[in-house]
Amino acid sequence: MAVSRTYIPPRLTLPVGDQDHISGAPGASVVLVEYGDYQCPYCGAAYPVVKQIQQELGRSLAFVFRNFPITNAHPFADWAAETAEAAGAQGKFWPMHDFLFEHQSLLGDEAPFTKEESRLGLDVSKLGREVAQRRYASRIEGDFMSGVRSGVNGTPTFFIEGVRYDGPAEVGALLSELRRAAKTPSAR
Amino acid sequence: MSKTPPSKPSILRAGERAPAFTLNTTPDQAVSLKDFLGRPVVLAFYPADWSPICSDQMGLYAQVMPAFKKFEAEVLGISVDGIWSHLAFAKDRRLNFPLLADFEPKGAVSRAYGAFEGRTGESARALFVIDRKGVIRWSFLSPDGVNPGADGILAALEKLE
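Residue numbers (the numbering used here), protein chains in the order written: chain A, 23 to 210; chain B, 42 to 202.
One or more of the hints may lead you astray.
Said to hold, decoys possible - For each label pair, taking beta carbons as the anchor points, the in silico distance ranges come out as:
#1 B:K111 <-> A:D131: 34 to 42 Å
#2 B:P184 <-> A:E163: 54 to 62 Å
#3 A:S198 <-> B:D133: 32 to 40 Å
#4 A:R151 <-> B:G159: 56 to 64 Å
#5 B:P146 <-> A:Q41: 30 to 38 Å
#6 B:T161 <-> A:R141: 47 to 55 Å
#7 A:D188 <-> B:A196: 13 to 21 Å
#8 A:K148 <-> B:E145: 55 to 63 Å
#9 A:P48 <-> B:A61: 47 to 55 Å
In case anyone wonders, no lab produced these hints; they're calculated from the structure.
All values derive from a computational prediction rather than experimental measurement.
No residue lacks a Cβ here, since even glycine has one placed at the ideal position from N, Cα and C.
Chain B on its own, in the form it takes in the complex (with noise of 0.2 Å):
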């Protein structure tokens, strides 16, 4: 029934098992999905770092972390933009959350929550929230061109409750 084109991508939905991974998060840092069993994660799949518009998405992650934090939710951004480009912008947007490199096979993680875009080479811009068993609770995958905010993931938080 899906009228989805083939290009598309088609990520995971609720009630699926979160997909285990460990990617870096600086040269000598790996960040793995089951360190956060027991507490929400939020993964904010992305096309790439230093997206031109004003406040872009993950900017406005850092600066929604309170509201996050009441939930005890640990969020994680993800692209394909390697280490160094994520830490300098990391740095120049005082992200306070870590941004992880699906680097290396390109786009594995992405590709295994169904959040890679074939087209582009990029990670689709693709949400997940996770409960504290590492099951998928939410998703959604952003319209091309569309910043999903943060509203979609603070919902989808209240619910795990």
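Only chain A is shown next, with the shape it has when bound in the complex (with noise of 0.2 Å):
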């Protein structure tokens, strides 16, 4: 039949792999994975949501980012998107995830990432001329597609388990679904 009538929320069509930037163990007993758009106000309002939670569930929890840059509404948001994986290359993703979600009004103003790189210990000079020649760009694009694929629709979106989970962003009603969820009881 052509016309669903019953709603099921849509699944990830990529699982979670070596390629993917996780916090936590791949083993924990539930996987959550953010697809987000730095720019994204909403992203931006969802990342201290993501940090309560993971303090919440500790190690049963682990957590994936996927990048899902709205370029046509978020003009910093490729660039970016380019630094976290340029950092991450480096091996510095989360700290730079983190300050990139931290200081997202910053976002056009390239000298308070800089000098987080050179904090970081990072090669700036690297940082800067991969950033500049979009070196993952084709990662960026993979990592978007993926997200259409699996039925993102905009930012953030959460899959729980590989499942779309169609809830607010907030701590609750997220970590209620997350426990729900889990594959083993050490993290209800």
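Reassemble the complex: the two chains are provided individually, in unrelated frames, and hints are given to aid placement.
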């Protein structure tokens, strides 16, 4: 039948794997995937929510971030995604990811981000070159298209154990869904 | 057997011929479905311009356009908004496909596709993939408030090949 009558949330078409940025153990009881855009204000609002969830669930949670830059609405989203990926290539994805979200309002001015890159001990000139050359464009595009094929329709979009989460991006609601979906009771 | 309440739109389904239409996209430019015979067409009916969510459905389609183009597909957005609203909205969101104004008589094309929401007087959030011969091959009515994204469209376009 061509018309869907009962609503079935879409599922992640690209499983979490070695290509991903994973915070926490891949074998954790529950895996939360976010498709996000560093310039999207709703992702900025979801950032402390995810932090709090990570604190609550500790080792039983694995958190994965995939890029979904909405470049026609957010002119610095792609630059920010490239910056996080280039930092990631030097082993500092998560510190740069955090800094980008914590300083979202500064996007457009490269100076504070360059300063942070040096503070993190990164090779700043290499990083700047890679961002200018859009060195990680195909990876970012791959993240984006995997999101499109998985039913990501805006940012942030979360998947819990591979199933799209359509509830509010709030600590209580996300936590209860994560606990419900957890593979082992340790997360509950 | 349908349990759909009468107020709910009942959209045309796969296998049905796509109803012909001609609608304005600018004050002096009209678009007809038959202009696109020989190419797949994606019709995206949506309730209103200026949707407040972070990346609205139409903005997403603009960004997914390279993937649609791999199938030579034309994407047409349709709502009951007038052309001036469409033009401003398309410019603001940098849309790269036409928005058609189903404005007068209001919602007539949306109704022909069963994609008119009488309760709100707006088009329903309904998607149609039409093949090169003008036959609907896939349709989808999105639940209230859910952006249907692009995955269903891409899967349907793949099946046309």
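Quick rundown of the hints versus the structure:
1. B:K111 <-> A:D131: 34 to 42 Å: 37 Å, holds
2. B:P184 <-> A:E163: 54 to 62 Å: 29 Å, violated
3. A:S198 <-> B:D133: 32 to 40 Å: This hint holds: roughly 37 Å between Cβ atoms.
4. A:R151 <-> B:G159: 56 to 64 Å: 58 Å, holds
5. B:P146 <-> A:Q41: 30 to 38 Å: Distance hint for P146 (chain B), Q41 (chain A) is violated at roughly 52 Å.
6. B:T161 <-> A:R141: 47 to 55 Å: 52 Å, holds
7. A:D188 <-> B:A196: 13 to 21 Å: With Cβ atoms ~19 Å apart, the hint holds.
8. A:K148 <-> B:E145: 55 to 63 Å: 59 Å, holds
9. A:P48 <-> B:A61: 47 to 55 Å: 53 Å, holds
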